[in-house]
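Asks: Sequence:
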Amino acid sequence: MADIHVEEFYKDVAIALIQLYAAFPRRINLFVEDIAGPDEPDEFGLHSKRHMACFGALLWLSEEGLLRYVDTIRQEALDQAVLTREAFVRLSAPAPQALIRELNASSTEAELPPSVQKDLSTYIHLLRSALKSGSSSRISLAVQSSFFIDTGAGSVH
Numbered sequence: 001m002a003d004i005h006v007e008e009f010y011k012d013v014a015i016a017l018i019q020l021y022a023a024f025p026r027r028i029n030l031f032v033e034d035i036a037g038p039d040e041p042d043e044f045g046l047h048s049k050r051h052m053a054c055f056g057a058l059l060w061l062s063e064e065g066l067l068r069y070v071d072t073i074r075q076e077a078l079d080q081a082v083l084t085r086e087a088f089v090r091l092s093a094p095a096p097q098a099l100i101r102e103l104n105a106s107s108t109e110a111e112l113p114p115s116v117q118k119d120l121s122t123y124i125h126l127l128r129s130a131l132k133s134g135s136s137s138r139i140s141l142a143v144q145s146s147f148f149i150d151t152g153a154g155s156v157h
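Okay, so the sequence shown: first residue is 1 according to my numbering, each after it adds one.
Source of the hints: derived by calculation from the structure; they are not laboratory data.
Worth double-checking, as some hints may not be accurate.
Stated by the list, open to error - The calculated SDA-like cross-link candidates involving lysine to any residue, where the alpha carbons are at most 20 Å apart (straight line), are:
hint	residue 1	residue 2
1	K49	G65
2	K132	D42
3	K132	I15
4	K132	Q144
5	K49	L59
6	K132	F9
To be verified - Label pairs and their calculated CB-CB ranges:
hint	residue 1	residue 2	range
7	E102	E43	16 to 26 Å
8	D3	P25	34 to 44 Å
9	G56	K132	48 to 58 Å
Predicted model only: the values in this text are computed from it and were never measured.
Backbone N, C-alpha and C define an ideal beta-carbon position, used for all residues, glycine too.
Model the full structure from these sequences, guided by the hints.
Replies: Next comes the structure, spelled out in C-alpha cells:
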C-alpha cells in the first residue's frame, strides 16, 4: 500500500488532467478546492497540508511539462491553465489492450461500435474510469501508465 500522500497525489493529478482535457484548448482557472476539496486557512492564513500538497501537485505538473499556466492566484489556483501538446496527445492516445483489461475500464467494449471502442480505449477514458471507481490502486495505475511508465516494457520514462 502506498503512502496516503502519494495516493492523494495521483488522485489530484487525475482530476486536474481530466478538467484540463475537458476544457482543451481553452485556458481555465484550475482551483485547488475543486480538486482537493474545501479548505479553511488557519488563524495565520495558512492552508492545510492537504491543500498545499494539491497545489504542489499542480505546480509539479507544470514543471514536468504537462500543463502551462499564466500565473498563480495566491496558493488557491493556477490562472489560465491548459494542457501542453505532449499531455493532450498522450491523453488522446489509445492505451495498450493489456492495460485496459487490467483496469477493467470497459467490460462491454466488444458490444460497442468500433468508433466508440476507440474512444473508450484512450488514456483519458482510463483516467475517468479509474477516478469514477474510487479505487486508489486503479487511479494510481491509470496515472502512472498515462505518463510515468512505458506500459510495453514496464520502465519509467
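Asks: Each hint should be assessed against the structure and marked as holding or not.
Replies: Right, here's what the structure says about each hint:
1. Proximity of K49 to G65 is assessed by CA-CA distance (about 24 Å); at most 20 Å being required, the pair is judged violated.
2. At most 20 Å may separate the alpha-carbon atoms for a hinted pair to count; K132 and D42 exceed this at roughly 32 Å.
3. For the suggested pair K132 and I15, the alpha carbons sit about 10 Å apart, so the restraint of at most 20 Å is met.
4. Between the alpha carbons of K132 and Q144 the distance comes to roughly 17 Å, so the proposed pair stays at or under 20 Å and holds.
5. Proposed proximity of K49 and L59 is supported: the alpha carbons are some 15 Å apart, at most 20 Å.
6. For a cut-off of 20 Å, the pair hint linking K132 to F9 stands: about 16 Å separates their Cα positions.
7. Between E102 and E43, the C-beta spacing of about 47 Å breaks the proposed range 16 to 26 Å.
8. The hint said 34 to 44 Å for the Cβ distance between D3 and P25, and at roughly 35 Å that hint holds.
9. At roughly 25 Å, the beta carbons of G56 and K132 sit outside the given window of 48 to 58 Å.
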